[in-house]
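Colleague: Spelled out, the chains give:
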Amino acid sequence: MHEFSLVQGIIDAMQETANQKGGKVLSFEVRVGELSQFDIRLMRELLKELKAGTPLEGAKVSVRPEKSKIRCVSCGKVWGFSDVIRPMSGDEREVVHFFPELMNSYTRCPSCSKSYLEIEEGRSVRIASVSLDV
Amino acid sequence: MSKEVSTSDFREGMIARRLKGVKMILLVLSGKGGVGKSVVSAALAAILAKTGLAIGLLDADIYGPSSALLFGAHARPTEGEDGLSPPIVRGVKIMSVDLYAPGKPVPVTGTGSRDVIREMLALTSWGGLDYLIIDMPPATADIAMLFTSLRKKNLAAFVVTTPDKLSLAVAHRVMELLHSGKVPIAGVLGNMYRSHHVGSSTHDEDPQMLAAEFKAVFLGKLPYDAKVLSAVGKSNIEDLLRTRFGEALQQSVKAHVKL
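Order-wise, the sequence lines are chains E and W. Heads up: the first sequence begins at 23 in my numbering, then just goes up one per residue. Heads up: the second sequence begins at 841 in my numbering, then just goes up one per residue.
Honestly, the hints are just simulated from the structure, not real lab data. Hints are supplied without guarantee of correctness; some may be wrong.
Unchecked claim - Here are the simulated SDA-like cross-link-like pairs (lysine to any residue), alpha carbons at most 25 angstroms apart as the crow flies:
| no. | chain 1 | residue 1 | chain 2 | residue 2 |
| --- | --- | --- | --- | --- |
| 1 | W | K993 | E | K82 |
| 2 | E | K82 | W | I928 |
| 3 | W | K860 | W | K1022 |
| 4 | W | K860 | E | Q30 |
| 5 | E | K46 | W | E852 |
| 6 | W | K944 | W | D970 |
| 7 | E | K99 | W | K944 |
Source: prediction; values computed, not measured.
All chains should be modelled from the sequences, with the hints used to inform the complete structure.
Modeller: Here it is as structure tokens:
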């Protein structure tokens, strides 16, 4: 349920951006990283719910999933979270849900078995673009 | 007219809002491992909590987290709509990666470590606190990131050093960094004093000289105490406070911290 506080953080950031730039938010795009394991439908609903009654109410929102790209620092292989999610327990996946980098404590590179991994894409939730009416 | 604009990391705004209820943030730094920074952080948190103050302890040393171990904390923070509520042990709210990966290595890159620290700050729901004590990471880039994320708060730094030259040299670098980041240095604490350090060499003067150079208060000399090690990991941090180290730190807090 900490999705609620993250979505509120996005809404607040959008309002601050509009205030700083002196315009009105027309649209914004949110990317939901695979490692966050967030439910996209829930994110859409929360964004709709939390922007209601704010200056963002009329803004168009796009919420899109973002596949993960995880690079093994040791051997250079790039792979996705889905490649290793099966061996991880529900408890371990929950850890990754909160702190994606802690995946390194629970999994290894499927190619070289080392656990020094870096997330290139699909980490968590991010604001990909904002369009203002200025 | 429609215009695409850039936006900063939305977690920075979340961090500022999370810390609104925190009156003062105390950064405990040493820059070097093995000088007792984490033990000082944990003991300081316990001492302040005993006076009835609302205290949080954030373990930002993600490569060598030890706050949870020092307090005997095991429970993972509970998740709610407002984020993650940390477990409370002996009146101290504790947040550490060790609660999520107990006893495991955390082999993340530099960028990754800063993301984990930023995430902990953005997600942890501290509520109202008198002091949030941050056991700081040793890496300079992580320290600098924290200054940036916390810059709008009431900050003060405690620098922990032993009276030995290696520790002092690194502590000096850390104090330069604090100075350039305009972070007030509340004090310098000399730790792990052995009998030969006291009165028999110039070493025991050095932490005091370091404090004087940066116009910081010298908070005192804490003795090297082998009993500290045997107290670590007990579920009752009172054992740590009953050591000579713990008693000396309590005296220093009484003398220098307004309670």
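Colleague: Hints first: check each against the structure and report whether it holds.
Modeller: Against the structure, the hints:
| no. | hint | verdict |
| --- | --- | --- |
| 1 | W:K993 - E:K82 | violated, 34 angstroms |
| 2 | E:K82 - W:I928 | violated, 42 angstroms |
| 3 | W:K860 - W:K1022 | holds, 20 angstroms |
| 4 | W:K860 - E:Q30 | holds, 16 angstroms |
| 5 | E:K46 - W:E852 | holds, 21 angstroms |
| 6 | W:K944 - W:D970 | violated, 32 angstroms |
| 7 | E:K99 - W:K944 | holds, 24 angstroms |
Hint compliance for this structure: hints 1, 2, 6 are broken, all remaining hints hold.
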